[in-house]
Amino acid sequence: MIAMTRRSWLAAVGLAPLAATAAENPKSQQRTFQNIPPRELLRLRHFPNSELVTHQGKKVRFYDDLIKGRKVVINFMYAKCEGICVPVTANLVKVQKILKGRVGRDIFMYSITLKPEEDTPEVLNKYARTFHVGPGWLFLTGKPGDIEVLRRKLGFVYADPIEDADKSNHIGMLRFGNEMFARWAACPGQAHADWIAISILSEVDGPTRTAAKQTTRNGSLAAKENGK
Amino acid sequence: MYFNIFGYKLSRRRWKEALSAQKNRQELITAGLGRRELFKLGLLTSGGYLVAQSGLSAWADGCGPGVCQLGCSPPTTPFIDPLTIVPILPERQLTDPGFATPPSVCPNNAINPATQLPFEGRGQFNGVLRPGTDCFQFFNQFPPQKFFIERMRQNTNFRITSDPNIAPQTIWGFNQGGIDPTTDPAIFPGPTIVTRYQTPMVVRRFNELPSGAPAGGFGVPETSTHLHNFHSGPESDGGPCRWFFSGQYFDYYHTMQQAGFSFDFPPTGDVNETLSTLWYHDHRVDHTAENVYKGLAGFHLIFNQFDTGDETTGFHLPSFPQFDIPLFLADKLIDPGSGQICFDTFGFDGLVGDKFLVNGKIQPFFEVQKRRYRFRVLDGGPSRFYQFFLTNPDNPGQSIPFWQIANDGNLLPTPIQVTSARIGVAERVDVIIDFNQIAQAFGATRLWLENRLEQVNGRAPTGKILPAGQIQNALVEFRITGNPVADGSVDPATGPQFYNLPSTTPTPRITRNFKFERSNGQWAINGQFMDCNVIRFTVQRNSVEKWVLQNSSGGWQHPIHIHFEEFQLLSIDGQPPPSSPLVQTGRKDVIRLEFGTTAELFFRFRDFRNDYPMHCHNTVHEDHAMMLLWQIQDVGDNNIEP
Chain L
775 MIAMTRRSWL AAVGLAPLAA TAAENPKSQQ RTFQNIPPRE LLRLRHFPNS ELVTHQGKKV
835 RFYDDLIKGR KVVINFMYAK CEGICVPVTA NLVKVQKILK GRVGRDIFMY SITLKPEEDT
895 PEVLNKYART FHVGPGWLFL TGKPGDIEVL RRKLGFVYAD PIEDADKSNH IGMLRFGNEM
955 FARWAACPGQ AHADWIAISI LSEVDGPTRT AAKQTTRNGS LAAKENGK
Chain G
331 MYFNIFGYKL SRRRWKEALS AQKNRQELIT AGLGRRELFK LGLLTSGGYL VAQSGLSAWA
391 DGCGPGVCQL GCSPPTTPFI DPLTIVPILP ERQLTDPGFA TPPSVCPNNA INPATQLPFE
451 GRGQFNGVLR PGTDCFQFFN QFPPQKFFIE RMRQNTNFRI TSDPNIAPQT IWGFNQGGID
511 PTTDPAIFPG PTIVTRYQTP MVVRRFNELP SGAPAGGFGV PETSTHLHNF HSGPESDGGP
571 CRWFFSGQYF DYYHTMQQAG FSFDFPPTGD VNETLSTLWY HDHRVDHTAE NVYKGLAGFH
631 LIFNQFDTGD ETTGFHLPSF PQFDIPLFLA DKLIDPGSGQ ICFDTFGFDG LVGDKFLVNG
691 KIQPFFEVQK RRYRFRVLDG GPSRFYQFFL TNPDNPGQSI PFWQIANDGN LLPTPIQVTS
751 ARIGVAERVD VIIDFNQIAQ AFGATRLWLE NRLEQVNGRA PTGKILPAGQ IQNALVEFRI
811 TGNPVADGSV DPATGPQFYN LPSTTPTPRI TRNFKFERSN GQWAINGQFM DCNVIRFTVQ
871 RNSVEKWVLQ NSSGGWQHPI HIHFEEFQLL SIDGQPPPSS PLVQTGRKDV IRLEFGTTAE
931 LFFRFRDFRN DYPMHCHNTV HEDHAMMLLW QIQDVGDNNI EP
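In order, the protein sequences belong to chains L and G.
The numbers in the working numbering rise by one with no breaks, and the one at position 27 of the first sequence is 801.
The numbers in the working numbering rise by one with no breaks, and the one at position 178 of the second sequence is 508.
The following block holds chain L by itself, in its conformation from the complex (with noise of 0.2 angstroms):
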């Protein structure tokens, strides 16, 4: 567990010297402003590094091997759930077809189970297999601890406690993003799926493309929309 005073968060960040600015030299008339660079500011928010195990039993650590400087899909679930992990489960199958041969290649898809103590990895490799899970697709589980500070810090959690108790009820979005430029969205699980892979495209490649390049590389997705 990650127990953090403000001082060992400031020098986490490189802020102490900043923490003895303002506490203890009142005297400084201009307050000296310490802008974390956007990514940074982001990991700090957001990304936490536990170490986490996949559905293949590799452990892995969260920010280092999964985030940094990638193109990602994010969602929550757990192997036993009735309600809507099932849908959606089933929907980023579609998902996965829809982008082809890139996830794995440059985009990932990370399930974090609400469920640590019953979804071990084996548990977890059951319920991939059970949905033809292609590759780049990974099922998490980690300790509870550590999955329930990840579920926070990705804003997986209702304002009001005992909504956020019920995980029959767990919110049922995607998170996706491109870490380099710092860009995240997030869409229903239940949208539909080709909208969401042009959802997904639009974030992580939507810094570097063109909508010239984009007509080729989607020329399907776009073939769909002119037909309507």
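It is possible that some hints are incorrect.
[Unchecked claim] Computed cross-link-like contacts, DMTMM-like style, restricted to lysine to aspartate or glutamate with a CA-CA straight-line distance of at most 25 angstroms:
hint, chain 1, residue 1, chain 2, residue 2
1, G, Lys845, L, Glu937
2, L, Lys917, L, Asp940
3, G, Lys794, L, Glu937
4, G, Lys845, L, Asp934
5, L, Lys842, G, Asp674
6, L, Lys917, L, Glu937
7, L, Lys854, L, Glu896
8, G, Lys794, G, Asp724
9, G, Lys845, L, Asp968
10, L, Lys941, G, Glu847
11, G, Lys845, L, Asp938
12, G, Lys794, L, Asp940
Keep in mind that the hints were calculated from the coordinates and are not lab data.
Fit chain G to the given chain L structure using the hints.
Below, chain G without anything else, positioned relative to chain L:
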């Protein structure tokens, strides 16, 4: 288990300490202690931080650098900056270098070799070019007569206050169309666009926003500029799916005719459909909240032969710009480390800020003369509902009336006297405040425009009306100066008549039903989610429809905006719309769906064809798919639950 804002686990002791620190800070604020008082009490360092004393430390509750949370913004001093009067966007000639290729009916989709993108972004749908689409409707019938340019750019030195606690801001905004950023920087709010009915116009917008990871970790340099409330074709409406890239421009053409011009009120439309207070803002699907919050929004005002901008003519409303002032309300959070406006792109519920900006300044003051003024008040979002009152801070018990003359962009048939007005995101009200009368009747020398509606999260206001006279709730301080001056504007108490409301007696061709819902944290309309590639229903052009909107989302409130056409409220929760204490009559383009509300809306859809959105204007909900697309075509469908 207890958690701080970063999701880290806290011991119960530290959690209690954090909670009490937060309470202490709140009490200081509630006590109305400004910076000077705190400094005198030895509770504030000159650097602006509360002293690091156990139970009071500014950061003990987790409000460290990088934290973007209600209650964490650094303290600021109210009323130290004058209200900004936003510049009016200058007209440009077609000889301007920005018009090297003049506006044309169909988009200029030739490829720019420098960017590999089409020069113009019009004709793209969700970033993909659809050749041959989005030519302007009615362009040849109403050729443009006025031309404007705006450039969307970053400005790294924008001041929201002269308080040294707050850094110069890095914003994205619109400039006044010039090339040189030193003489013509991007500003927030963007330049006020002022146009007249029956004078067709084009505004060319260049997207020149920086690429790469954005400062503060929010903002996406792809934009679509919506003219909120105008009767425009979808190709000029700035809808969610018609965004364009940095390196492109986009021509927005507006006929400047009233609705009905091609149908039952030829050739220029029904004067009773006249609009006055509009605004423009970014509408990029999935990213509207962060982009508007970063500064991509401004006012667009329209005058005509009645609402002239000159108090000696027409309806005799206070003269623009001296006595007719747009007020852009925006609540913000500030990162205590960087002193910069911050935004959490990972939040689903909505963002409410603890700093009130009016026309881009934190709690400004405005010196007014003893006469009548027209203020056009806009809730610029992202999520907050306001209910504003006039407070005499020297005698907060007084209940001070003013006149509401418009609801959203539309003048009411006649002024209504009120003591408060409530607005959700994107709603506007125009009010007349008579400072001479108020000075005489209440002995006031200053007045606050004060928001007294309590709201602590993005879900909804609590419903509680806070006590009057709390300095942190003040939006603007009006300072009443001098002797009474000549006032050529109409006295609202004499009951002047403005436009009539168009009749709502025609029988609707169809009644459609919409439920605004939430399940598993996903926003939905009739169980479905936003998809740029799905048009949910088709309205018959030149027909009348009734829409029934219902909030079935539990403890949430949603300001729902329908593009293209204002509605008239037929009923709200089974009752005719009230005009007291809050005015819900008139024509509107946003309906506030408060807890469990059902509203029946009457529409006429005339003139234009093709697709528009309807969406929640809590922009964070909007960005999470609480939106649908519909269209107008010559043959409509009969989908009653689309």
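Quick one: which hint numbers does this structure break? Sort them smallest to largest.
-> 12
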